[in-house]
Amino acid sequence: NPTTANPTTANPTTANPTPPPTTLPPTPTGEALVATFDTNLGVPLCSAVGISCESGVLLNGKASNREPNPPNTLDSCPDGVDGNWHSDGSLDKIMVSAAVEGELLQAGGLT
Numbered sequence: 011n012p013t014t015a016n017p018t019t020a021n022p023t024t025a026n027p028t029p030p031p032t033t034l035p036p037t038p039t040g041e042a043l044v045a046t047f048d049t050n051l052g053v054p055l056c057s058a059v060g061i062s063c064e065s066g067v068l069l070n071g072k073a074s075n076r077e078p079n080p081p082n083t084l085d086s087c088p089d090g091v092d093g094n095w096h097s098d099g100s101l102d103k104i105m106v107s108a109a110v111e112g113e114l115l116q117a118g119g120l121t
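In this note's numbering, the protein residues as written are 11 to 121.
Calculated from the structure, these hints are not laboratory results.
Here the structure is a predicted model, which is why all the values come from computation and not from measurement.
We put the beta carbon where it would ideally sit given N, CA and C, even for glycine.
Incorrect hints may have been included.
[Said to hold, decoys possible] Label-pair distances were calculated between CB atoms; the ranges are:
(1) G40 <-> N94: 34 to 42 Å
(2) V106 <-> S86: 19 to 27 Å
(3) L114 <-> N94: 37 to 45 Å
Using the sequences and the hints given, assemble the complete structure.
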């Protein structure tokens, strides 16, 4: 029973409060970062906070040729079989930068 209430007491007490988080948020570095492959998510991830984060070589290629760790997607939409790498349109790298030059990336920074 997480809450103990006494009918004669106006303020109930919490018997088992939620513990503090065990994983601390990343420490800001103020640097341009290059992602590493996150095996849990299955995608490139910058594990710190900086002024930018880029995928490096992790998205270069297709699953059918040279892309490391395919499909590099959070959903169920892997690379298709059509198209030729660098002959047809291709995406080799993604970079995300802070909305204001020199500031750190932050959630909801663009409105």
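Against the structure, the hints:
no.: 1; hint: G40 <-> N94: 34 to 42 Å; in the structure: holds, 40 Å
no.: 2; hint: V106 <-> S86: 19 to 27 Å; in the structure: holds, 23 Å
no.: 3; hint: L114 <-> N94: 37 to 45 Å; in the structure: holds, 39 Å
The earlier numbered hints are all upheld by this structure, with none contradicted.
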